[in-house]
Amino acid sequence: QQQVKQSPQSLIVQKGGISIINCAYENTAFDYFPWYQQFPGKGPALLIAIRPDVSEKKEGRFTISFNKSAKQFSLHIMDSQPGDSATYFCAATDSGGGADGLTFGKGTHLIIQP
Amino acid sequence: DAGVTQSPTHLIKTRGQQVTLRCSPKSGHDTVSWYQQALGQGPQFIFQYYEEEERQRGNFPDRFSGHQFPNYSSELNVNALLLGDSALYLCASANGLYEQYFGPGTRLTVT
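Quick mapping for you: the protein sequence lines, in order, are chains F and L.
Numbering-wise, this note's numbering puts 73 at position 69 of the first sequence, and it's gapless, one number per residue.
Numbering-wise, this note's numbering puts 10 at position 5 of the second sequence, and it's gapless, one number per residue.
Treat the hints with care, as some may be off.
[Unchecked claim] List of simulated lysine-lysine pairs, DSS-like, C-alpha gap at most 30 Å: (1) F/62 - L/31; (2) L/31 - F/110; (3) F/19 - F/61; (4) L/31 - F/61; (5) F/72 - F/110; (6) L/18 - F/110; (7) F/46 - L/18.
FYI, nobody ran anything at the bench for these hints, they're computed from the structure.
Next comes chain F alone, as it looks inside the complex (with noise of 0.2 Å):
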């Protein structure tokens, strides 16, 4: 059973566009929600995280939005470049805190043409 489900599986978005990446969740007990952005060869990296108690996050240009009477989360990029070229994993857990085992989706591969 997939718990978090990610979508869309891959994205091309123009330079200076904006790629948005949808999650959706079934485990209402799930409280912390990432996103990790991961290069090839690379680790993943915490881009930015939210918790259910608001329902949108900024960082720079990375947003996330949270709707949770719908169970999805959504993460914005706006002006999006190049370097933003990656895959991008949306992550949950019932942690709060984030340090517990994540579930994670099975990732977004954008591409960013100039």
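Use these hints to put chain L onto chain F, whose structure you have.
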């Protein structure tokens, strides 16, 4: 400040063999988690160590075991290797309840 380090970078083993992977957490971190990432997939949680004890475990068989040392470094052991164990093995560390930071991983190939 060194981040999470893992060794070796790459490893090739034969079916049935045993393997040990190593991880040194980020300075100041006391919790270590291990994940398996198959090609084209998201990481899957194997287990977590805190205060030298396994605190949490994902859906992996007992062939996967681990250890945490007093300096917080950790080892992942896999016995009776199967072809399906070929993957990138990631170590992540955290300080108490806060965010996990991942190492570069060990690429294991089982032939």
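Between the alpha carbons of residue 46 of chain F and residue 18 of chain L, is the straight-line distance 30 Å or under?
holds, 22 Å
Given the hinted pair residue 18 of chain L and residue 110 of chain F, is their Cα-Cα distance within 30 Å?
The hint holds at about 27 Å.
Need the status of pair residue 19 of chain F, residue 61 of chain F: alpha-carbon distance at most 30 Å?
This hinted pair holds, its Cα atoms lying about 23 Å apart.
Are residue 31 of chain L and residue 61 of chain F close enough, with their CA atoms no more than 30 Å apart?
holds, 26 Å
For the pair supplied as a hint, residue 62 of chain F and residue 31 of chain L, is the alpha-carbon distance within the 30 Å limit?
holds, 26 Å
Measure nothing beyond the straight line between the CA atoms of residue 72 of chain F and residue 110 of chain F; if it is 30 Å or shorter, mark the hint as holding.
holds, 21 Å
Restraint status (C-alpha distance of residue 31 of chain L to residue 110 of chain F at most 30 Å)
holds, 26 Å
Hint violations for this structure: none, all hints satisfied.
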